[in-house]
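From first to last, the protein sequence lines stand for chains W and G. Each residue of the first sequence is one higher than the last, beginning at 1 in this note's numbering. Each residue of the second sequence is one higher than the last, beginning at 1 in this note's numbering.
Calculated directly from the structure, the hints in this document are not laboratory data. Any given hint might turn out to be false.
Selected chain G positions facing chain W (Cβ under 8 angstroms, derived; list incomplete) [as the list claims (entries may be wrong)]: (1) Gln100; (2) Met163; (3) Asp164; (4) Arg167; (5) Glu171; (6) Ala176; (7) Gly179; (8) Thr180; (9) Lys183.
C-beta: ideal position from N, C-alpha, C; glycine also.
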Amino acid sequence: MRARELLRVGGVFVLVVGLLLGGTGIAAFATESTPAYTPVENEQFQPSALLPAADDETGTVEMDAAGEKTVVVDMAHGNAIDESDLEPMTSALVRNGHEVRVHSQGDLNASLRRADAYVVATPRQPFSPDEVAGIRAFVDAGGRLLLLSEPPKTTVQGGLFSVSFSTVGDTHTGVASGYGLGFGDGYLYDMADDGHFKSVAAEPTRSEGLAAGVDRLVLREAVPVAASDDATVVASDAGETTLSTTRRAGDHALVARNGGVVAVGDTDFLRSENAATADNEVFIGNLAAFLVSGEKTPGAPKPPGEEEPRSPGGPAPRPGPAPPSGGGDEPGPTPSPAPTPA
Amino acid sequence: MAFDTDSKTAAYVVAVVAAIVVSAALAPVVWDYGTRSEGSVAVVPITGFVSSSSVDSVADDLREARENESIDAVVLKVDSPGGSAAASERLYLAVQRTAQEMPVVASVQSMGASGAYYGMLPAERVYVTPASMVGSVGVRGTVPPPAPGYEIRSGPDKASGTMDQRREQIETLQRAFVGTVMKHRGDDLSISREQVAHAKVYTGARAVDNGMADRIGPLSEAVDDAASMAGLADYDVVEKEQPRRGGIILASTENETVVVEPGIGYRGVDTTRLLMVHGEVNLDGEVIANASA
Numbered sequence: 001m002r003a004r005e006l007l008r009v010g011g012v013f014v015l016v017v018g019l020l021l022g023g024t025g026i027a028a029f030a031t032e033s034t035p036a037y038t039p040v041e042n043e044q045f046q047p048s049a050l051l052p053a054a055d056d057e058t059g060t061v062e063m064d065a066a067g068e069k070t071v072v073v074d075m076a077h078g079n080a081i082d083e084s085d086l087e088p089m090t091s092a093l094v095r096n097g098h099e100v101r102v103h104s105q106g107d108l109n110a111s112l113r114r115a116d117a118y119v120v121a122t123p124r125q126p127f128s129p130d131e132v133a134g135i136r137a138f139v140d141a142g143g144r145l146l147l148l149s150e151p152p153k154t155t156v157q158g159g160l161f162s163v164s165f166s167t168v169g170d171t172h173t174g175v176a177s178g179y180g181l182g183f184g185d186g187y188l189y190d191m192a193d194d195g196h197f198k199s200v201a202a203e204p205t206r207s208e209g210l211a212a213g214v215d216r217l218v219l220r221e222a223v224p225v226a227a228s229d230d231a232t233v234v235a236s237d238a239g240e241t242t243l244s245t246t247r248r249a250g251d252h253a254l255v256a257r258n259g260g261v262v263a264v265g266d267t268d269f270l271r272s273e274n275a276a277t278a279d280n281e282v283f284i285g286n287l288a289a290f291l292v293s294g295e296k297t298p299g300a301p302k303p304p305g306e307e308e309p310r311s312p313g314g315p316a317p318r319p320g321p322a323p324p325s326g327g328g329d330e331p332g333p334t335p336s337p338a339p340t341p342a
Numbered sequence: 001m002a003f004d005t006d007s008k009t010a011a012y013v014v015a016v017v018a019a020i021v022v023s024a025a026l027a028p029v030v031w032d033y034g035t036r037s038e039g040s041v042a043v044v045p046i047t048g049f050v051s052s053s054s055v056d057s058v059a060d061d062l063r064e065a066r067e068n069e070s071i072d073a074v075v076l077k078v079d080s081p082g083g084s085a086a087a088s089e090r091l092y093l094a095v096q097r098t099a100q101e102m103p104v105v106a107s108v109q110s111m112g113a114s115g116a117y118y119g120m121l122p123a124e125r126v127y128v129t130p131a132s133m134v135g136s137v138g139v140r141g142t143v144p145p146p147a148p149g150y151e152i153r154s155g156p157d158k159a160s161g162t163m164d165q166r167r168e169q170i171e172t173l174q175r176a177f178v179g180t181v182m183k184h185r186g187d188d189l190s191i192s193r194e195q196v197a198h199a200k201v202y203t204g205a206r207a208v209d210n211g212m213a214d215r216i217g218p219l220s221e222a223v224d225d226a227a228s229m230a231g232l233a234d235y236d237v238v239e240k241e242q243p244r245r246g247g248i249i250l251a252s253t254e255n256e257t258v259v260v261e262p263g264i265g266y267r268g269v270d271t272t273r274l275l276m277v278h279g280e281v282n283l284d285g286e287v288i289a290n291a292s293a
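Based on the provided sequences and hints, a complete structural model is requested.
This is the structure:
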């Protein structure tokens, strides 16, 4: 009797617990809310809207002008480059039998006497009047001159308590201005182009000479080239780029030539990583061919006191007429001997 | 007879006293119920460098705001120059999700630039003051130096890749950033997509003029506006705590203690860093907070 009562009490207990827990469960299930969040379609995040189209990266630097010319690369004016930065062009020259020398110290004019072409990239120390005069005599004697530039760089100097900023630009002016060429400041940019705003495209203004076979150049960080009426613009930005210092868009020249002198507003395009972009490799091959296309009079520039007495630091002689340009854009007169001062 | 009367009286007294006691106990509840606000506006601070840890904290605050039924609107109290690109995108997505469920208004204190601006783009309105700075819609990347001679890698791009790849990465993130600005503010902007991509930083007055921000006003006005958007005539303000900074107290000066966070990459490993931050970046250690100011 007592056991039956205990069983009933136990049964009631289980029943009540079951009802309560079951009801709680049902109530919890019934009140479970569905998430109110619905995913958003962010169209601007889809790969089709994000991934840029890359330029063609095929091709190799080729040049047709085989021979035994000597090309001197300037490294004596604080040039902000390494030898490896010019590798695609120097390799093409070497493959075709030419010699590439580096002038890093000593008498520049002595180096130029044994050279057929002279390459000056991003010099950060000025040329002396003697050197400028020597380069002019070199070019007048049929030597080729290639001037490459880069935008000014800001450097930071200082210690724990003071920091100073200074901007270092190229020092071509003394050399380039004698041929109606010059380089602007700042850098060119193109916000509409794919890749990066400092990657600007240049289009040839002609289809022969330096621009033969070139449809589109891609320069990674370029300055505009100033060209006088005596010079010829070989490639320009077609009005698509803006100059960083003025923030004005305009038609900027990027490659210009005056006889045996070529000015290019970029150096990075020569680097191995950029050499095959777009038609850069064709242009580099054309530049290499240009460097060895002159017929330079041996021995120019003459040493001081030998036919060309010149007072140190004195006024430099004016450049003569443009030398011949075998395979170039502008046919010139026959080679002339080194100029004599008036 | 007299006994019945007394007992009745006593019963009444007991009943009244019991009623008073019960009423006293329940009165505050009734008072609270009677004076209860219609809802709350949560103020979520976004301060300092936008990093993974700071976004974790902000995302937690925003999730709590979404799940708490008493919170009807959110105001982002922004004072940040931006931060890492990935963290800024996460901040944007967290704010966007919240903005789907309740009004979100941003109030820029002194700076809401680059990645911080990215994060506040889903807000219904952006409040600024004339001196506050917004904009800087851009991306920057830093890369580790070439592999030292003692390191052997499994592939050529294991550490940093080529310059072309870096340019492409920057361009990809830039398109996401600029595309997001145009999605949320394209109709308000008087400047072109290209001008947005210049990554200029604007003062508050200029930002309101060109559509990068909406109104000049203090935080209180932003809170009022958010409450109004949520349909609250009477509201409470719930201020969330600023995210805690895990930095090292590096130096103490007379009136301030500077907290420096170790480099943005991983300790001991120089990594590629993709940043959405305004101003120059000190990669060796960044001042992220002023502990005693």
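Which numbered hints fail:
No hint contradicted; all consistent.
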